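Asker: Sequence:
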Amino acid sequence: MDKTSLLNILKSQNLPEKIVNVFEVVPRENFVPERLAAYAYEDLALPLEDGSSISQPSTIAFMLSLLDPKQNQKILEIGSGSGYALALISQIIKNGKIFGLEINKVLAIKSKRILDRDSNVQILNRSGINGLPEFAPFDRILVSAAFNDLRIPFAISDQLADNGIMIAPVKSSIFKLEKIDGKLKETQYPGFAFVPFKEE
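First residue of the sequence shown: 89, per this note's numbering; consecutive thereafter.
For the record, the hints were derived by calculation from the structure and aren't laboratory data.
These figures come from a predicted structure and were not determined experimentally.
You may find that some hints are simply not true.
The list that follows gives simulated cross-link-like pairs (lysine-lysine, DSS-like), each with its CA atoms no further than 27 Å apart [as the list claims (entries may be wrong)]:
1) Lys259 <-> Lys273
2) Lys158 <-> Lys182
3) Lys271 <-> Lys158
4) Lys271 <-> Lys193
5) Lys200 <-> Lys286
6) Lys162 <-> Lys200
7) Lys182 <-> Lys99
8) Lys182 <-> Lys259
9) Lys286 <-> Lys259
10) Lys99 <-> Lys158
11) Lys182 <-> Lys286
12) Lys185 <-> Lys106
13) Lys193 <-> Lys106
14) Lys273 <-> Lys185
15) Lys286 <-> Lys185
16) Lys264 <-> Lys286
17) Lys271 <-> Lys162
18) Lys200 <-> Lys91
Okay, the calculated beta carbon distance ranges per label pair [claimed, not checked]:
19) Pro221 <-> Ala133: 29 to 35 Å
20) Asp204 <-> Glu112: 35 to 41 Å
21) Ala224 <-> Gly139: 27 to 33 Å
22) Phe242 <-> Arg201: 31 to 37 Å
23) Ser93 <-> Glu137: 25 to 31 Å
Every residue, glycine too, gets a C-beta built ideally from N, C-alpha and C.
Could you put the whole structure together from the sequences, leaning on the hints where they help?
Answerer: Here it is, written out as structure tokens:
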């Protein structure tokens with residue numbers, strides 16, 4: 089499949105135009121292993137190092153539409169992997185500060201190199217189990233690996249600013265947690281597959 093076919097799939101999902109457009113701008117082949125470059129525009133999750141994976145584009149697009157990133161926001165991605173979602177978010181918001189936490193050292197180094205020129209993005213090689221309290225609060229938090237239950241996302245949601253949004257997979261569902269007047273509103277979207285969250 090080519091990029092145009094992938095964009096047509098995303099357009100058919102009634103996603104916001106600003107979300108679909110960045111999939112045209114950011115070259116996914118830069119973020120997948122070289123041997124899999126031919127599959128970069130298939131709507132498939134692809135394997136990365138050490139059991140990690142890059143999620144399928146339609147899933148990332150859906151999560152980004154729920155996340156609703158905006159100009160000048162401070163955004164955290166936990167489990168930033170190859171850096172693909174960081175690059176997409178950076179294109180959407182243009183200006184702001186985006187932090188990526190990646191526990192896999194090889195992936196952290198590689199993604200830093202790919203995104204070296206992007207002044208919006210800072211990648212840290214560490215576990216995301218506790219979020220990133222020293223840079224909190226965040227307007228948006230995206231988690232790109234699945235938790236076993238909601239306990240860890242609820243704990244990390246303390247790092248959300250008011251009116252902030254956190255998108256986190258739990259088992260085979262995507263949860264949207266919105267912080268409104270200090271309270272969390274929770275919405276569940278079932279029917280997805282993610283690699284499990286690594287605590288260490």
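Asker: Hints first: check each against the structure and report whether it holds.
Answerer: Comparing the hints with the structure gives:
no. : hint                          : verdict
1   : Lys259 <-> Lys273             : 19 Å, holds
2   : Lys158 <-> Lys182             : 9 Å, holds
3   : Lys271 <-> Lys158             : 21 Å, holds
4   : Lys271 <-> Lys193             : 35 Å, violated
5   : Lys200 <-> Lys286             : 20 Å, holds
6   : Lys162 <-> Lys200             : 18 Å, holds
7   : Lys182 <-> Lys99              : 22 Å, holds
8   : Lys182 <-> Lys259             : 32 Å, violated
9   : Lys286 <-> Lys259             : 13 Å, holds
10  : Lys99 <-> Lys158              : 20 Å, holds
11  : Lys182 <-> Lys286             : 30 Å, violated
12  : Lys185 <-> Lys106             : 18 Å, holds
13  : Lys193 <-> Lys106             : 32 Å, violated
14  : Lys273 <-> Lys185             : 25 Å, holds
15  : Lys286 <-> Lys185             : 25 Å, holds
16  : Lys264 <-> Lys286             : 20 Å, holds
17  : Lys271 <-> Lys162             : 20 Å, holds
18  : Lys200 <-> Lys91              : 25 Å, holds
19  : Pro221 <-> Ala133: 29 to 35 Å : 30 Å, holds
20  : Asp204 <-> Glu112: 35 to 41 Å : 22 Å, violated
21  : Ala224 <-> Gly139: 27 to 33 Å : 29 Å, holds
22  : Phe242 <-> Arg201: 31 to 37 Å : 34 Å, holds
23  : Ser93 <-> Glu137: 25 to 31 Å  : 27 Å, holds
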